[in-house]
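Heads up: the sequence lines are chains W and D, in that order. Heads up, the first sequence is in my numbering, so the first residue is 178 and it goes up one at a time. Heads up, the second sequence is in my numbering, so the first residue is 1404 and it goes up one at a time.
Read the hints as simulated data drawn from the structure, not as lab findings. Think of the CB as a built atom: it goes at the ideal place given N, C-alpha and C, for glycine as much as any other residue. Please note that a few of the clues may not be correct.
[Said to hold, decoys possible] Covered by chain W, per the in silico footprint, the following chain D stretches (three or more residues, Cβ under 8 Å): (1) 1539-1549; (2) 1594-1601; (3) 1606-1614.
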Amino acid sequence: MIVVIIVAVIVVLVGSGVVIARGRRRRRPMLPDAPRVAMPSVLVTEVTQRPSLREEPGTLAQRLGSSRSVFDRVRALSGAGAVSAEQLEVVEEVLLRSDVGVATTNMILDDLRTNGAPDGIATSVRNSLLDSLSAERSVTLTAQPGRVPVWLFVGVNGVGKTTTIGKLAQRHVDEGRKVVLAAGDTFRAAAADQLEEWATRSGADIVRSAEGADPGSVVHDALGRAAARGADIVLADTAGRRANSTNLLDELSKVRRVADREPGEVVETFMVLDATTGQNALSQAREFLAAADVTGIVLTKLDGTARGGIVVAIERDLNIPVKYVGVGEGVHDLIVFEPEAFVDSLLDT
Amino acid sequence: MFDALSERFERLGTSLRSRGRLSDADLDEALSEVRAALLDADVELGVVRAFLDAVRERVSGEALNQNLAPGQQVIKAVNEQLIEVLGGSALKVTYASKPPTVVLLAGLQGAGKTTTAAKLAQWFKQQGRQPYLIAADLQRPAAVEQLRVLGTQVGVDVFSESSTPLEVARKGLAEATRLGRDVVIIDTAGRLSIDEALMDEVRDISGATSPHYTFLVIDAVTGQDAVQTARAFHETLELSGIIVTKLDYDARGGAVLSARGVVGRPIVFASTGEKMADFELFHPDRMASRILGMGDVLSLIEQAEQRMDADVLAEGAGRMMSGTFTLDDFLAQMGQVRKMGSLGGIMKMMPGVTKEMRNAASNVDENELSKIEAIIHSMTKRERREPVIIDGSRRNRIARGSGTSVGAVNQLLKQFNEMRKMMKQMSGGNMPQMPGGMGRMASMAAKASAQREQLPPGFEALGAGMNAGAQATRGGGGKNKKKKGGRVTPPKQR
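All chains, please: the whole structure from these sequences, using the hints.
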């Protein structure tokens, strides 16, 4: 009931603000409403000058080229042993630009400073990153006897949860499993329609409800249907939610509890993460881990220019492994994560 | 919003305030703090560098200013530079002399284009225009359906057909002209900036519809890639501005600075929540203040005047002060407050509100508000005027009537009494010296527009923010609530 106080504070602050604003206005002579004049033909007036930033190439090929040459420069400079300040700077730039983050970057730089780079800088950095990506990343497909395995998908808005489920449904169907999809995103307009479209494409079964329905009930119904029809796996969608709202996270915990009740058993909870996401991903992962016991990450949109380097920090600090990556819009564009290939793309070597 | 960045700058603020003179080493240290803060907030590396260079230049250029302590000079420079990078001043939306005014939205997948399209349509509607939505996202399954649903929610017609995006855009525009709509908003499919086929497609749409405004929709949680994306879209489409979404997420927001810094186009709108009402014009100066931890009083008052019945609100505030506040008033006020969107969102814009309070507000369940309304509705008129008469049997009746428990009724009454007591104390008169929200807010609202040139607004708020912070750490938990109220001061000074 802290609400009462909050409302009171808001009323007093805003109320007096309005009073003040009015008082100020009243003191001035009232201006007549400006007459509506014909609109100027120039529609956008740019207010400030474009800041002079170093031009950078815009396409992937160019970007790869430039990064590669940056890193080649490091390699060319590096002999075994001590690392120069200039070399460290180049390493720092490459890492920061991949969204690896300040903390991880500093850790790697410190390591280079103290231990040098006996096998060359490129190899040292690569090895440090791979060390951080050493978690076990197999997926669980089976539940206890008599229970239906459930994969639950969580994440913030717009990261590609529904699309990921669509692609995974196809994968499971291709591998001969009987799949039931639970359209647990009852918040976003037409989210269930989107999932239904994927169900039709992949030949999976879908359970959906009206918009605004309780997501837990949708998941519950899906479990019922899965058990009745002897399905091999349930893929449960949830609404995108920001990770800094206790209410939304509580709701998610509830959905997870429902999914984990007989006849279901949650064997994987995936946090779907967009590769363009920056440092906020770490706090997202922390919150979703606490609320829904996340067991793996699906890193989407890796076919763009974004590198998704933040997963290094997530895997190192929170021990949540990346299990799948999304590399395109096609139904088969979801592949199993490989640390080596990922690190190489981070470093563009 | 930008909380993490604000926090770091606040810390930076204290350490600098305690120094008398600013040496080169001090400056280096301060700037490396700023650098780490910006990188942590996902500002792109190149933008960070340009930003720091500019701040350094500002500080050394003003080395002779005797009126400011050295530390204050750095903060002032950071603030000014923030405002400049964020856009100088807001873009003014004007309309084509020959309608319709065409607005094209583009961006990566999942940035929030479809939701933004509907919110934008609603915004234009509020401006007295007759918008029309064109659903040209034929890529993502059910995107058209999503826009239709949202269009219905905001009362704007949506055009679509199953042909090609280019055809849809062309026909939609013709249809809008036929219907006499004066604003057309085209929602396009999300696309990666390196997908040449799709980039060509959106270029064709742009060519066929010659939009007056082309907005890049970008997500506030984007990392270093914001720059690549913004530049690529700018090269293809000649952007006129940026719309930033998901600003209600915790912390960060550096993508805003990055994208702005690279394409040199203003950020025009900001989307701050899932509700259709959570959408506003982006005010760079206010946003810079927000980054520096000042709260955003001007936006708040503007919103309040737009969405609430200002008379009711002003009257309520007055009665609270004079101690004649009844449950009826409270009910009316709560209704007004709810019109403004989520409590958390409102709190974020308030200066001098501590983090705990903000978190508490953002975690308030809307249902809880409804519950309170139900309880008050279940009271008789007399009970609402004189809550003292509510005895055990009345409590029982009210609880039954509202479908809540006696405990909930008790709690509400207790809180309401506490609040009344608090308000009475406050109007007692020892307020003006208090460092808290209201006095400062009153003076800020007054000053903000009058004396922009002097100190940056974030500057005085920073000092006050520290006080507020110190207070909050002293009183924990339940006590905290009282303190919050205690810092509320009537606007006597004006």
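Legend entry - Hint check, failures only: 3
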